[in-house]
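Student: Based on these hints, arrange chain B on the given structure of chain A.
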Amino acid sequence: MREELLAIIERNSRIDLKELAVLLGTEEAMIANELADMEREGIICGYHTMVDWEKTSKEKVSALIEVRVTPQRGQGFDSIAERIYKYPEVQSVYLISGSYDLMVILEGRTLREVASFVSDKLSALDSVLSVATHFILKKYKDHGTVLDKKKEDEREMITP
Amino acid sequence: MRNPLAEKVVAIKPSGIRKFFDIASEMKDAISLGVGEPDFDTPWHIRDEGIYSLEKGKTFYTSNAGLKELREEIANYIYRKQGIRYEHPLKEILVTVGGSEAIDIGFRAMINPGDEVLIPQPSFVSYEPCAVMAGAVPVIINLKAENEFRLTARELEEAITEKTKILVLPFPNNPTGAIMERKDLEEIAEVIIKHDIYVMSDEIYAELSYKEKHVSIAQIPGMKERTILINGFSKAFAMTGWRLGYACGPEPIIEQMIKIHQFAIMCAPTTSQYAAMEALRNGDEDVAEMCTAYNQRRRYLVHCFKEMGLECFEPYGAFYIFPCIKEFGMSSDEFAMKFLEEERVAVVPGNAFGDCGEGYLRISYASSLENLRTAMAKLARFVEKLRRER
Numbered sequence: 001m002r003e004e005l006l007a008i009i010e011r012n013s014r015i016d017l018k019e020l021a022v023l024l025g026t027e028e029a030m031i032a033n034e035l036a037d038m039e040r041e042g043i044i045c046g047y048h049t050m051v052d053w054e055k056t057s058k059e060k061v062s063a064l065i066e067v068r069v070t071p072q073r074g075q076g077f078d079s080i081a082e083r084i085y086k087y088p089e090v091q092s093v094y095l096i097s098g099s100y101d102l103m104v105i106l107e108g109r110t111l112r113e114v115a116s117f118v119s120d121k122l123s124a125l126d127s128v129l130s131v132a133t134h135f136i137l138k139k140y141k142d143h144g145t146v147l148d149k150k151k152e153d154e155r156e157m158i159t160p
Numbered sequence: 001m002r003n004p005l006a007e008k009v010v011a012i013k014p015s016g017i018r019k020f021f022d023i024a025s026e027m028k029d030a031i032s033l034g035v036g037e038p039d040f041d042t043p044w045h046i047r048d049e050g051i052y053s054l055e056k057g058k059t060f061y062t063s064n065a066g067l068k069e070l071r072e073e074i075a076n077y078i079y080r081k082q083g084i085r086y087e088h089p090l091k092e093i094l095v096t097v098g099g100s101e102a103i104d105i106g107f108r109a110m111i112n113p114g115d116e117v118l119i120p121q122p123s124f125v126s127y128e129p130c131a132v133m134a135g136a137v138p139v140i141i142n143l144k145a146e147n148e149f150r151l152t153a154r155e156l157e158e159a160i161t162e163k164t165k166i167l168v169l170p171f172p173n174n175p176t177g178a179i180m181e182r183k184d185l186e187e188i189a190e191v192i193i194k195h196d197i198y199v200m201s202d203e204i205y206a207e208l209s210y211k212e213k214h215v216s217i218a219q220i221p222g223m224k225e226r227t228i229l230i231n232g233f234s235k236a237f238a239m240t241g242w243r244l245g246y247a248c249g250p251e252p253i254i255e256q257m258i259k260i261h262q263f264a265i266m267c268a269p270t271t272s273q274y275a276a277m278e279a280l281r282n283g284d285e286d287v288a289e290m291c292t293a294y295n296q297r298r299r300y301l302v303h304c305f306k307e308m309g310l311e312c313f314e315p316y317g318a319f320y321i322f323p324c325i326k327e328f329g330m331s332s333d334e335f336a337m338k339f340l341e342e343e344r345v346a347v348v349p350g351n352a353f354g355d356c357g358e359g360y361l362r363i364s365y366a367s368s369l370e371n372l373r374t375a376m377a378k379l380a381r382f383v384e385k386l387r388r389e390r
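Chains as they are written, first to last, in my numbering: chain A, 1 to 160; chain B, 1 to 390.
Chain A on its own, in the form it takes in the complex:
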């Protein structure tokens, strides 16, 4: 049941307990326990909301930054990743296989703000060998959700 429950709330975390219980064919108390357990176990890490900031008046700039680093003896990439993710403007940090090591996703108010973070903070770290910054121009789909178009039902109204 866990996986099915997670799949539902991953799409819609606002769905209430009663309806979850109906959808999964179980009791409300069961769902509440399951959710509490998974929060404790760190399986559920939060109940965030997906926002398309483009449609608001707030200015935001996002960038993907490829970072090559020197791993540290005994700690691999963990301590440098931690150095980087502590900055609040850093949204995500992933360890990546391939031609670079860390993928950093950054959010700032302006292009300048992002640029200065990259040059003043990120590049200045000792173990960072090189960075390549890619600004995001438009988000079409995020977290499995298409942001651009609303889907229309093209089926006939009544079919046998």
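Treat the hints with care, as some may be off.
[As the list claims (entries may be wrong)] Once the Cα atoms are required to be at most 27 angstroms apart in a straight line, the calculated DSSO-like pairs of lysine-lysine come out as:
| hint | chain 1 | residue 1 | chain 2 | residue 2 |
| --- | --- | --- | --- | --- |
| 1 | B | Lys81 | A | Lys149 |
| 2 | A | Lys18 | B | Lys81 |
| 3 | B | Lys378 | A | Lys150 |
| 4 | B | Lys163 | A | Lys18 |
| 5 | A | Lys18 | B | Lys378 |
| 6 | B | Lys91 | B | Lys211 |
| 7 | B | Lys259 | B | Lys163 |
| 8 | A | Lys150 | B | Lys28 |
| 9 | B | Lys163 | B | Lys144 |
| 10 | A | Lys86 | A | Lys58 |
| 11 | B | Lys378 | B | Lys326 |
| 12 | B | Lys81 | B | Lys68 |
| 13 | A | Lys55 | A | Lys151 |
| 14 | A | Lys139 | A | Lys86 |
| 15 | A | Lys18 | B | Lys224 |
| 16 | B | Lys224 | B | Lys259 |
| 17 | B | Lys224 | B | Lys91 |
| 18 | A | Lys151 | B | Lys28 |
| 19 | A | Lys150 | A | Lys139 |
| 20 | B | Lys8 | B | Lys19 |
| 21 | B | Lys183 | B | Lys144 |
| 22 | A | Lys138 | A | Lys151 |
| 23 | A | Lys55 | A | Lys121 |
| 24 | B | Lys385 | B | Lys338 |
| 25 | B | Lys194 | A | Lys151 |
| 26 | B | Lys338 | B | Lys13 |
| 27 | B | Lys224 | B | Lys194 |
[Stated by the list, open to error] Far from chain A, some chain B residues (derived; all Cβ distances over 12 angstroms):
| hint | residue |
| --- | --- |
| 28 | Glu26 |
| 29 | Asp48 |
| 30 | Asn295 |
Please keep in mind that the hints were generated in silico from the structure rather than gathered at the bench.
A virtual CB, placed ideally from N, CA and C, is assigned to each residue, including glycine.
Tutor: Below, chain B without anything else, positioned relative to chain A:
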């Protein structure tokens, strides 16, 4: 001028859905729970394979009975899902234009004038007219709500005469959502074998079975050799518009069906056949995902009807639920029309699927949970109002 029309065709009633369709489709803002096809798009990898086949120039006829590889994949699929082995897919499997074509040519290949075809109702609208056009005498078996709309051995026994040739077995059922479990099938198989009749088993909703894995009548010992198994890609893989189905059965019957298919159709759409191969090879996860979503919505509707106090047995198949509205003293048509006019939600009157569907509604849950929520709130309000008025 002479009358240009064939009497046999003119005598066929137009589909009961048609009239309702014309009115509903004028209301663009209405929510429709009257749709008999999945709300999901065909999974992208399947569409992509269709597109790729076009890019490669696969734009010619295939062999009449369908691509050899596709028929082999179908045989594998049926073995994997149901354990039925069609050892000679090239002689025992025919790829058709939807399950509908298989129904039509199946009758035409087997019926002699005056043969009787048993059709349990409520059921899909095509069996009766197709049987009639093939020259059969349709004999309707009225399924009962108290049996959860399953076909019982007794009902079957009572309907059989010495002219009976074919039993149509439409489970999981459209419009009731009823299923037949193994024990139900074993009981009727005994009657079928005793009276030496054949079965046209329409299993187009086989993947959408929520209680246990779907059991085909062809799995019951002694039945495979007297069963035409019909299935297709429309419901399982959300591929209605691709128009692709298939029939599996004994070689002598399939051979005659191929003959009709060859002269009337030539072959099923080539692009669809390539896409279908991808569906069978790599589509299991998509099917499982859609099935999970349908099952959640099914539970939701069963719960809503219980709360409204609407009489309804719990359906375990397809994507329909079939509540009873007899308490309101209206016909299914009246109820559906009033509901559409007042609340702008379209459902299908149960009698569109046979006279014994009178007093019921077919509600399709091939619609998003958001739509279902809105529609159920409207239905609850509507039902409350009707009860107050009575």
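Student: Going through the earlier hints one by one, which of them does the structure break, listed in rising order?
Tutor: 1, 2, 4, 6, 15, 23, 25, 28 and 30
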